[in-house]
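Chains as they are written, first to last, in the working numbering: chain A, 2 to 161; chain B, 2 to 161.
Worth flagging that the hints you see were computed from the coordinates, not collected in a lab.
Treat the hints with care, as some may be off.
Each pair may be met inside one copy or between any two copies, as identical chains are not told apart.
Unchecked claim - Restricting the straight-line Cα-Cα distance to at most 20 Å, the calculated cross-link-like pairs of lysine to any residue (SDA-like) are: (1) LYS109 with GLY137; (2) LYS109 with ASP145; (3) LYS109 with PRO150; (4) LYS159 with GLY122; (5) LYS140 with ASP152; (6) LYS109 with ALA149; (7) LYS109 with LEU144; (8) LYS125 with THR76.
Protein chains: 2
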Amino acid sequence: MKWRTAVRESDSAAVRELVAATGFFTDEEVEVAVELVDETLANGKSSGYEFVFADAPDDSGRLLGYTCFGAIPMTVSSCDLYWIAVAPGKQRSGLGGQLIRESERLAKGLGTTQMFVDTAGREKYAPTRAFYERCGYRKAAVLDDFYAPGDAKVIYAKTL
Amino acid sequence: MKWRTAVRESDSAAVRELVAATGFFTDEEVEVAVELVDETLANGKSSGYEFVFADAPDDSGRLLGYTCFGAIPMTVSSCDLYWIAVAPGKQRSGLGGQLIRESERLAKGLGTTQMFVDTAGREKYAPTRAFYERCGYRKAAVLDDFYAPGDAKVIYAKTL
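Only chain A is shown next, with the shape it has when bound in the complex:
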């Protein structure tokens, strides 16, 4: 895997394709993921978003996974993991865990003491929740009816 943190122009399309391909996000969510890339391309570090990209080591250089995280405004040292996505063919390969660990390492280097990440409470997201728990995250909150009536938001936290 080739690792990098700098955002490239091509990431706008690559992140769109990767996030959509997972099948875990709505069209609106895919647009938001792309917006964070585009904002960072336009405004650099002042956008407040950090990235870890994992590109295929072969000639294709295809984006196989990425995370996007950033300091939570109005907090002293909390960080939100906004996005993590792994290409369907690379899931269960350990890449997700590597992406999270690298993101935590970089966030800690920027002074983060608490990392937060959230997902949905629906059955479809049970593997996502299990993944965060395997990565050492504790379930900090369940907000019932958050995404929609009957669809909770589950917030995980990890002390770095």
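We have chain A already, so just place chain B on it with the hints.
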């Protein structure tokens, strides 16, 4: 009290003065409150923020209280009450409750089914938490160490 929802140019300075005068917000938080007003002045409804303003009924027309709320992106019908502030001289007058009820009424008219609001867990914010509970909000989550180590975020929710 004179009620309105349209944002005026003068609200940028008025909200800054009001929010700072409460003594409950950091300089950074005051800037964020003003930014939401300025974004709405610049971009109108597309900014996604709704407001309720309570102006003094006398000739001064001074801003005595306001709320700012908006639909939470990527949710079907959840709304976040981003800001509520009441001038120090008008606290304990019932104005805060009126502002919340009017905001809930407008949010419900826009299709909101769940209203969320958050505050800090520190002792200083005990009156704020008691206020939300009196307004019918239930404590939905406590995120330890969110604002800073030892300073939790408390999330309240109300079904509209």
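We went through each hint and held it up to the structure:
no.	hint	in the structure
1	LYS109 with GLY137	within (15 Å within a copy, 39 Å between copies)
2	LYS109 with ASP145	between (31 Å within a copy, 18 Å between copies)
3	LYS109 with PRO150	between (36 Å within a copy, 14 Å between copies)
4	LYS159 with GLY122	both (18 Å within a copy, 19 Å between copies)
5	LYS140 with ASP152	both (16 Å within a copy, 18 Å between copies)
6	LYS109 with ALA149	between (33 Å within a copy, 14 Å between copies)
7	LYS109 with LEU144	between (27 Å within a copy, 19 Å between copies)
8	LYS125 with THR76	between (31 Å within a copy, 17 Å between copies)
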